[in-house]
Amino acid sequence: MLKTFMAFSLCMACIGGTSAAESEREPFDDRYCTTCHGTDGRGNEGVQAPRLAGMEPWYLRRQLENFRGDIRGVHAEDREGIAMRPMATKLTDESIDDILGWISSWDYIPAEATVKGGDPLRGRDLYSGCAVCHGADATGNESLGAPALAGQNDWYLVTQLKNFLAGYRGAHPNDTYGAQMRTMVSTLRNEAGILNVVSYINSLSR
Amino acid sequence: MSKQVTRREFLNLLGAAGGTAAALKAGSALGLLPHTAQAATVDLHAANPANRKVAILGAGLSGLTVAYELSKVGYECTILESSHRPGGRIFTVRHGDLIDEIGNRQYCEFDDEPHMYFNAGAARIPSTHRNLLAYCKELKIDLEVFINENKTTFMQDSAVNGGKPIRNIDYTTHTRGFLAELLAKSLSAGEMDEPFTDAEAETLMSLIRSFGDLNEDNLYKGSLRAGYASGGFLEHGVQKDIIAMSELLKTQMGNQFLNANEGDTGPMLFQAVGGMDKIIEGFTNHVGHQIHYRSMVNAVEVKDDGIDIAYYQDGTRHLLQADFCFNCIPSHIMTGITNNFPTQYVDALKYIRRGTAYKAAFQAKERFWEKEDIYGGISWMSSPSKQIWYPSAGMHKQKGIILGAYDYIDGELHTARTQEQRIEAHLTDGEKIHPNYRNQVEKPITIAWHRMNHMLGCSARWQRDRNAWTHEEEELYHALQQPVNGRHYMIGDQVSMHSAWQESAVMSAQWAMADLNQQLLA
Ligand SMILES: Cc1cc2nc3c(=O)[nH]c(=O)nc-3n(C[C@H](O)[C@H](O)[C@H](O)COP(=O)(O)OP(=O)(O)OC[C@H]3O[C@@H](n4cnc5c(N)ncnc54)[C@H](O)[C@@H]3O)c2cc1C
Numbered sequence: 001m002l003k004t005f006m007a008f009s010l011c012m013a014c015i016g017g018t019s020a021a022e023s024e025r026e027p028f029d030d031r032y033c034t035t036c037h038g039t040d041g042r043g044n045e046g047v048q049a050p051r052l053a054g055m056e057p058w059y060l061r062r063q064l065e066n067f068r069g070d071i072r073g074v075h076a077e078d079r080e081g082i083a084m085r086p087m088a089t090k091l092t093d094e095s096i097d098d099i100l101g102w103i104s105s106w107d108y109i110p111a112e113a114t115v116k117g118g119d120p121l122r123g124r125d126l127y128s129g130c131a132v133c134h135g136a137d138a139t140g141n142e143s144l145g146a147p148a149l150a151g152q153n154d155w156y157l158v159t160q161l162k163n164f165l166a167g168y169r170g171a172h173p174n175d176t177y178g179a180q181m182r183t184m185v186s187t188l189r190n191e192a193g194i195l196n197v198v199s200y201i202n203s204l205s206r
Numbered sequence: 207m208s209k210q211v212t213r214r215e216f217l218n219l220l221g222a223a224g225g226t227a228a229a230l231k232a233g234s235a236l237g238l239l240p241h242t243a244q245a246a247t248v249d250l251h252a253a254n255p256a257n258r259k260v261a262i263l264g265a266g267l268s269g270l271t272v273a274y275e276l277s278k279v280g281y282e283c284t285i286l287e288s289s290h291r292p293g294g295r296i297f298t299v300r301h302g303d304l305i306d307e308i309g310n311r312q313y314c315e316f317d318d319e320p321h322m323y324f325n326a327g328a329a330r331i332p333s334t335h336r337n338l339l340a341y342c343k344e345l346k347i348d349l350e351v352f353i354n355e356n357k358t359t360f361m362q363d364s365a366v367n368g369g370k371p372i373r374n375i376d377y378t379t380h381t382r383g384f385l386a387e388l389l390a391k392s393l394s395a396g397e398m399d400e401p402f403t404d405a406e407a408e409t410l411m412s413l414i415r416s417f418g419d420l421n422e423d424n425l426y427k428g429s430l431r432a433g434y435a436s437g438g439f440l441e442h443g444v445q446k447d448i449i450a451m452s453e454l455l456k457t458q459m460g461n462q463f464l465n466a467n468e469g470d471t472g473p474m475l476f477q478a479v480g481g482m483d484k485i486i487e488g489f490t491n492h493v494g495h496q497i498h499y500r501s502m503v504n505a506v507e508v509k510d511d512g513i514d515i516a517y518y519q520d521g522t523r524h525l526l527q528a529d530f531c532f533n534c535i536p537s538h539i540m541t542g543i544t545n546n547f548p549t550q551y552v553d554a555l556k557y558i559r560r561g562t563a564y565k566a567a568f569q570a571k572e573r574f575w576e577k578e579d580i581y582g583g584i585s586w587m588s589s590p591s592k593q594i595w596y597p598s599a600g601m602h603k604q605k606g607i608i609l610g611a612y613d614y615i616d617g618e619l620h621t622a623r624t625q626e627q628r629i630e631a632h633l634t635d636g637e638k639i640h641p642n643y644r645n646q647v648e649k650p651i652t653i654a655w656h657r658m659n660h661m662l663g664c665s666a667r668w669q670r671d672r673n674a675w676t677h678e679e680e681e682l683y684h685a686l687q688q689p690v691n692g693r694h695y696m697i698g699d700q701v702s703m704h705s706a707w708q709e710s711a712v713m714s715a716q717w718a719m720a721d722l723n724q725q726l727l728a
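Line by line, the protein sequences give chains A and B. For the first sequence, this note's numbering assigns the number 1 to the initial residue and increments by one for each residue that follows. For the second sequence, this note's numbering assigns the number 207 to the initial residue and increments by one for each residue that follows.
The set of hints was computed from the structure by calculation and includes no laboratory data. Everything numeric in this text was worked out from a predicted model, so none of it was measured. Mixed in with the good hints there might be a few duds.
[What the hints assert, rightly or not] Pairs of lysine-lysine, BS3-like flavour, derived with a Cα cap of 30 Å:
#1 K571/B / K259/B
#2 K346/B / K484/B
#3 K370/B / K427/B
#4 K370/B / K556/B
#5 K162/A / K427/B
#6 K571/B / K370/B
#7 K90/A / K649/B
#8 K556/B / K116/A
[Said to hold, decoys possible] Part of the chain A face toward chain B, derived, beta carbon under 10 Å:
#9 Y32
#10 A49
#11 R85
#12 Y108
#13 I109
Idealized CB from N, CA, C, for every residue including glycine.
Start from the sequences, fold in the hints, and give me the full structure.
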């Protein structure tokens, strides 16, 4: 049953220990992403794991480093963040590089809209605040550290906006961009505002 | 206890207890238990040569059942399994095994001996699970009794008995004595005997007396049923002191003892000798060559003339074309796999919640529990580790593997912790029952099913309200049971009304194969 699998030497090195039996042990690497994040990282609502395909490498790196550094995914109410953090905690810089390379090999296909009940017209007004950083077409702006929003799983956007609003995300003193988001998201005020702005983002294609 | 219970209050309590029992009966024992009247290997027609390619997604028990049965009648089966091992939630951990928990990978360091294993997933087989047992017989899997309840095990709750553990035998003997005395008083007070004939009342009284071991005055004054404080063999046995009811009423932990032999764990229970995965081995002895490991299904497209499965193996994308497909990939993982299923089918997949079961185990340097008269069974604690299981096999050997924590309902607390925090908590909890526990155990392993690679959960949870299925839930369930285009079947205990049992996985597979058979005959 022990199949040979591309195990990177650098990951093998991080297993630690030098027991004689180690060579017989089942090898592994850190390419776990698709178990949760679905086919080619297109996101999986079933476990609330967002789309990774199409996310900017600089944004992914920052988030992986935030998870690893206990800056994100530490608040007791951040369920999804808590699920993610232990995974990132184990990553070395090299395995982050490897994962980013892997993710960039996946085709980007925009997510389908699932969120119901928002008013995109009201959302458009609210979005004007977001557009400053994320762009009028929500395609993101690297120089401002703002990722693309169009094409992302809308249920994920809703959860994250709620988390920012409630302080479950972005409250850590070292989360500079998170702090900015917290200020901005307060203009959405409540769940209705969040649904409105997300349904507007759904109308923007990337 | 601050106030005495009047008879009226007691009878009210009885009413409440009756309600619970009735609910239990309707909810699980009757309504949800699958019908196991007919244990059967399914009677299938030979495959049509032009229509015989079958793709099986996931080498879980249900997938292997399909492979085994369909291969018998000439189908050409290919099993795609994303993990490095077969069996899914039937997972026996032994020396050197990889526990592939995402973010908490471990290798098991137990001694390399046949009795040094841990059933991290399925562990018990009720004697009423006939379909599973029929396969055990057919595949020549040795079974032995699994000891679920053992009167010498403990319960421990810091609120009662000064935190000192209480033996099951003490708790149950005294509790039954007290309950019987209360009932006997009610009956003799004439209020309760009204609906009974004299003969019935007499039988009832004798039942009550024997239930609680009451004396001739219908009072509970302790019982030798709890064993002896001293003597009993060469000298007269000395009866143990009673633990006062007011003391025992400080905890509800004892419910575990009274429930232990009820419901699914009521029948005689078995385990496979040497580990539950011997069942999986029984199947793979026949169909193991059909399994492609580390092959992660990536897309499922049901077409008019067949079904296309895309999967990744060794970093390359492959295509498998088949006539039929049986799929036991967990629903919450399937929702992330590209597919062209109908909306209601996808809605059903999305509706199911995933369980959060958590287990941990230690290697014991010596079988210290045997020195405390414990051979098998479960101790219960109010602290989060909840249970200690003593092995049902390997008696009197030097070492053994014990379960150090098991939370079936809500393992999230442990899951959120680091490996070190988890282990420390289990040691601290275990010490409350076995004071030297910390020094007697070593080589811990933990398994948070919510985070296990390729599983991400334990059993499917269909019901939002644990007492009843809503109409919507039943509709979604039946939608998921039906094949897509007559070609794609979801299987596994997730497609049953009694998840978390191997029997349900087997029966879902049998249901799907019987349906296909029916369809092909039509
Ligand atoms: C903690 C625990 C305790 C239990 N206790 C008992 C017990 O005492 N008695 C009892 O009878 N039952 C028990 N069960 C339940 C029993 O284990 C299950 O009902 C049974 O094993 C489920 O089998 P399944 O066929 O549904 O497949 P699963 O075991 O769910 O297997 C699914 C398979 O799909 C594979 N897979 C996932 N994603 C992909 C993909 N993308 N591509 C390919 N393959 C994929 C997985 O790796 C896995 O092998 C317990 C389960 C747990 C977790």
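inquiry  = Need the status of pair K162/A, K427/B: alpha-carbon distance at most 30 Å?
reply    = Violated. K162/A to K427/B sits at ~61 Å, over the 30 Å cutoff.
inquiry  = Hint validation: Y108/A versus chain B, beta carbon distance must be below 10 Å. Holds or violated?
reply    = 14 Å, violated
task = Take a quick look at whether K571/B and K259/B sit within 30 Å of each other, Cα to Cα.
result = Cα-Cα ~51 Å, so violated.
task = For the hint on I109/A, just tell me whether its beta-carbon gets within less than 10 Å of chain B.
result = 9 Å, holds
ask   = Should the interface hint for Y32/A be scored as holding, given a Cβ-Cβ cut-off of 10 Å against chain B?
value = With a minimum Cβ separation of about 5 Å from chain B (threshold 10 Å), the hint on Y32/A holds.
request  = Given the hint that K370/B pairs with K556/B, test it: the Cα-Cα distance must not exceed 30 Å.
outcome  = Given that 30 Å is the threshold and the Cα spacing comes to 46 Å, the pair is violated.
message = For a C-alpha distance cap of 30 Å, please report whether K571/B and K370/B respect it.
response = 24 Å, holds
inquiry  = Against the 30 Å threshold, does the CA-CA distance of K346/B and K484/B hold or violate the hint?
reply    = 10 Å, holds
key: Holds or violated: K90/A to K649/B, with C-alpha atoms at most 30 Å apart   = Distance ~21 Å between K90/A and K649/B Cα, so the pair holds.
request  = Report holds or violated for the interface hint on R85/A, using the least CB-CB distance to chain B and a cut-off of 10 Å.
outcome  = 8 Å, holds
task = Closer than 10 Å between Cβ atoms is the bar; does A49/A clear it against chain B? Give me holds or violated.
result = OK, holds: A49/A within 10 Å of chain B, min 7 Å.
Agreement of K370/B and K427/B with the hint, judged by alpha carbon distance not exceeding 30 Å = 22 Å, holds
Hints 1, 4, 5, 12 from the earlier list are contradicted by this structure; the remaining hints agree with it.
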